[in-house]
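Asks: Sequence:
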Amino acid sequence: NFSSEKTIILRIIFTVTNGPSGPYPYHWDTHSWELDAGMFTSVSMLSSTDGWAAGIDENSLGLLYHWDGQQWTKQHFVPDGQEAGGIAGIAMTATGTGWVYGSDQNYIYSTSNGQWFGYPLGENDRVVAGAPLSPTAFLAIVISTKDQNNGRPVPVIFAVSSGRPLPTPTPLT
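Terminal number for the sequence shown in this note's numbering: 188, no gaps in between.
By construction, these hints were calculated from the structure, which means they are not laboratory data.
Don't take each hint at face value.
[What the hints assert, rightly or not] Computed beta-carbon distance windows for the label pairs: (1) 32 x 130: 29 to 39 Å; (2) 33 x 100: 32 to 42 Å; (3) 60 x 148: 12 to 22 Å; (4) 76 x 160: 14 to 24 Å.
From the three backbone atoms N, C-alpha and C, an ideal C-beta is built for every residue, glycine too.
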């Protein structure tokens, strides 16, 4: 039950120096931010002034925040004009460009400058892990809940080509 809980992001920065008996921290700084109720599942930091945190909110919908170097700001995550389920992973590849995939629902989306593009998965397929291959290509590890590959994960590459989303599943051999 998320209704009475708040999510807190904590930043700890410490500086280490070498002393006579080895390295030791000589300065640290902490800061925290209290955000909406929910649970974060993934973080993708491009730099100290551009980062993203994703997860699931108290209504089992996607939770997405952007870090601008000063504060975390909630982002409106409604790809295809409808609320999407919780986000399991996020991988940003450039400013305003990246990928998210679902936790309980079978979805994968890319974003470019605030516009979301969906990539269909099979009805029984789930993304269990993913990583960007380049700013425009994403490797997803997909499993089928119907046990089509004897429960083995299958790598699939999704790509954005010529500014248009083009899902190109390419099983690797």
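Asks: Are there hints from earlier that the structure breaks, and if so, what are their numbers?
Replies: 1, 2
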